[in-house]
Amino acid sequence: MNIQAIGERSELLRTMRSWFADNDYLEVSTPILSTHLIPEPTIANFATQYISEFHGSRELYLVPSPEVHMKRIIAETKRNIYQFSHCFRNREQIGSYHNPEFTMLEYYTVGADDEDSIAITEELVVRTALAGTPESVLPPFRRMTVAEACKRYAQFDLDTTQSVAALRKEATRLGLSVPAQPESWEETFNRIFLNFVEPNLPQDRPLVLCEYPKQIVCLAKEIPGRPYRRRWELYAGGIELANCYDEERDKAKVEAYYREQYAILANQRSVSGEVIPDIDTRFPEIFDASFPQCSGVAMGIDRLLMLQGRHKTIGDLILFNVSDMMADG
Amino acid sequence: MIKAGQIDKGTALLIKGQPFICVEREFVNPGKGSAFVRLKLKSPATGQTLRETMKSQDNAEDITVEDRDCQYLYNDGENFHFMMTETYEQIEIPMTSFEDYQFIMKEGETYRVTFWEHQPLDIQVPAKVIFEVAEAEEAVKGDTVTGATKNVTTETGLVVRVPIFIKQGERILVNTETKEYLERVNK
Chain A
0 MNIQAIGERS
10 ELLRTMRSWF
20 ADNDYLEVST
30 PILSTHLIPE
40 PTIANFATQY
50 ISEFHGSREL
60 YLVPSPEVHM
70 KRIIAETKRN
80 IYQFSHCFRN
90 REQIGSYHNP
100 EFTMLEYYTV
110 GADDEDSIAI
120 TEELVVRTAL
130 AGTPESVLPP
140 FRRMTVAEAC
150 KRYAQFDLDT
160 TQSVAALRKE
170 ATRLGLSVPA
180 QPESWEETFN
190 RIFLNFVEPN
200 LPQDRPLVLC
210 EYPKQIVCLA
220 KEIPGRPYRR
230 RWELYAGGIE
240 LANCYDEERD
250 KAKVEAYYRE
260 QYAILANQRS
270 VSGEVIPDID
280 TRFPEIFDAS
290 FPQCSGVAMG
300 IDRLLMLQGR
310 HKTIGDLILF
320 NVSDMMADG
Chain B
0 MIKAGQIDKG
10 TALLIKGQPF
20 ICVEREFVNP
30 GKGSAFVRLK
40 LKSPATGQTL
50 RETMKSQDNA
60 EDITVEDRDC
70 QYLYNDGENF
80 HFMMTETYEQ
90 IEIPMTSFED
100 YQFIMKEGET
110 YRVTFWEHQP
120 LDIQVPAKVI
130 FEVAEAEEAV
140 KGDTVTGATK
150 NVTTETGLVV
160 RVPIFIKQGE
170 RILVNTETKE
180 YLERVNK
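Residue numbers (numbering that gives the first Met the number 0), protein chains in the order written: chain A, 0 to 328; chain B, 0 to 186.
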């Protein structure tokens, strides 16, 4: 057991809580065991059975993120909120930077957009960094759009490779073998991104990689007239540390997201036999005219601690991680 | 054929006709996207390193390999020399493919070596090994800070950071992958 890591986690959470309190954020606590989940086809879920002689039995799920419950709180309070939440992702393979259960910090700032969230995150990180945090994890953050990164590291123009065929041609030019069976634009994009772009991103400072392709469907707003979304990911030390959306609050668009993503999820999982969670079809109703403009950031706390404390893996930071428990039988 | 997601450390693959061993594997889910696996592969024959990121569902060509007991004799700065314990046949394995192994393997000890069609691909060293401390600095007097450490050198020449109470001649358990001290071994 890494005693030093226990102290580091305690210290970071204490200073972060104090920073959020000073900056007018409410700490909230939402369930990790839920009756409904957000439909996210690429995130496999954990299900368990609630048993009651009086209420009948019912499938419940461990949340992959606290997003939907937190947005319900924003709808009611119109306040800045944050939470340290345990999150669960099944099929998440166990490795240096992954554990099926991990700690996520999620914070939503009312009235802010994705651009404001960069400054907020810089402030949060610099004010709460542990002593001895390397410069590569400290502000100022560099900024680069995904299109700039593609041009620089994979020599192609993302604006003009919006079709599956055009992107596939670039992948082939780069020497990637794309399987014969048709692949979605997003899958081919990820192949190029992971082989040529991500490994070459600068690591001397944290990097905000912004304007993600709109084909990567999520609840971040689309940029009008351009094929991108108001979303950024923070990279530090070459790994994904945080994800930010300018939150979609158009009810019709959230409804469409729920309908389409649930159809994809149910279709894939009826073949694979994996858990198909119930979804809350009434969730989009919270996005009426009074739902405030807001920007949300989700940050991997175990990874942040790993980088700040110069640990090699998150294994030291997640006590009793699944990998260790399985090794012990 | 196997799925890329099943490739593990030590899996042998044939890539463009050449055998490679997987030495590092990390899973990535880009921006909550579908699962990919990032591999670092080594060709033991040439020492060449290959980095490749594949979808977990992609196919990869695995090869059937065989493990044999081999006694480690010595290294000449370029190659490790082993003797196969069944046939007494001597083999050489380029050191460049196995960074730091000269500081981990002990002369005279037997290791499992992975072969593909008579070609040695991999040397398996235990995840945890007991070493004897051959050289240790004296702890600085008055240095009573909790968690204070110093460097020691093992009988194989491996430098390990240990707590200051470890003395020359004592035995320590070391993680051979991270080269980190785990615990003192009592006789």
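FYI, nobody ran anything at the bench for these hints, they're computed from the structure.
Mixed in with the good hints, there may be bad ones.
Subject to a maximum C-alpha distance of 25 Å in a straight line, what follows is the list of computed BS3-like cross-link-like pairs (lysine-lysine) [as the list claims (entries may be wrong)]: (1) A/Lys311 with B/Lys39; (2) A/Lys213 with B/Lys31; (3) A/Lys213 with B/Lys178; (4) A/Lys311 with A/Lys77; (5) B/Lys105 with B/Lys127; (6) A/Lys150 with B/Lys31; (7) A/Lys311 with B/Lys15; (8) A/Lys168 with B/Lys105; (9) B/Lys54 with A/Lys213; (10) A/Lys311 with B/Lys8; (11) B/Lys15 with A/Lys150; (12) A/Lys311 with B/Lys178; (13) A/Lys150 with A/Lys213; (14) B/Lys54 with B/Lys105; (15) B/Lys39 with B/Lys15.
Here are some chain A residues pointing at chain B (derived, C-beta under 8 Å) [stated by the list, open to error]: (16) Ile42; (17) Asn44; (18) Asn189; (19) Leu193; (20) Asn266; (21) Gly272.
Just so it is clear, CB atoms sit at the ideal spot from N, CA and C, and this is done for glycine as well.
Hint check:
Simply put, A/Lys311 and B/Lys39 have alpha-carbon atoms about 17 Å apart, close enough for the 25 Å limit, and the pair holds. Of the pairs offered as hints, the one joining A/Lys213 and B/Lys31 holds, with about 14 Å between alpha carbons and a cut-off of 25 Å not exceeded. Straight-line distance between C-alpha atoms of A/Lys213 and B/Lys178 comes to about 45 Å, which puts the hinted pair past the 25 Å bound. Note on A/Lys311 and A/Lys77: the hinted pairing is violated, with a Cα-Cα distance of about 40 Å set against a maximum of 25 Å.
Distance check on the hinted pair: B/Lys105 and B/Lys127 sit about 13 Å apart at the alpha-carbon level, within 25 Å; holds. Under the criterion of a C-alpha separation no larger than 25 Å, the hint pairing A/Lys150 with B/Lys31 is consistent with the structure, at around 23 Å. A distance of roughly 33 Å separates the Cα atoms of A/Lys311 and B/Lys15; the hinted pair therefore is violated under the 25 Å criterion. As the CA atoms of A/Lys168 and B/Lys105 are separated by approximately 52 Å, the hinted pair breaks the 25 Å bound.
Among the hinted pairs, B/Lys54 with A/Lys213 is consistent with the structure: their alpha-carbon atoms are about 21 Å apart, no more than 25 Å. In summary, the hint linking A/Lys311 to B/Lys8 is supported, as the alpha carbons are separated by about 18 Å, within the 25 Å threshold. As the CA atoms of B/Lys15 and A/Lys150 are separated by approximately 29 Å, the hinted pair breaks the 25 Å bound. With a CA separation close to 12 Å, the supplied pair A/Lys311 and B/Lys178 stays within the 25 Å bound.
Restraint check: the Cα-Cα separation between A/Lys150 and A/Lys213 comes to about 17 Å, which is no more than 25 Å; the hinted pair holds. For the suggested pair B/Lys54 and B/Lys105, the alpha carbons sit about 39 Å apart, so the restraint of at most 25 Å is broken. For a cut-off of 25 Å, the pair hint linking B/Lys39 to B/Lys15 stands: about 16 Å separates their Cα positions. Interface hint at A/Ile42: satisfied, since its Cβ lies 6 Å from the closest Cβ of chain B, which is below the 8 Å cut-off.
The restraint placing A/Asn44 at the interface with chain B is violated, with a minimum CB-CB distance near 13 Å, outside the 8 Å limit. Contact between A/Asn189 and chain B, as hinted, is supported at the beta carbon level, the nearest pair being about 5 Å apart and thus within 8 Å. The closest approach between the C-beta of A/Leu193 and any C-beta of chain B is roughly 4 Å, which is under the 8 Å cut-off, so the hint is satisfied. Among the interface hints, the one on A/Asn266 is violated; its C-beta lies about 14 Å from the nearest C-beta in chain B, farther than the 8 Å criterion.
Because the smallest distance between the Cβ of A/Gly272 and any Cβ of chain B comes to about 16 Å, over 8 Å, the interface hint for this residue is violated.
The structure fails hints 3, 4, 7, 8, 11, 14, 17, 20, 21 (numbered hints given earlier, in ascending order).
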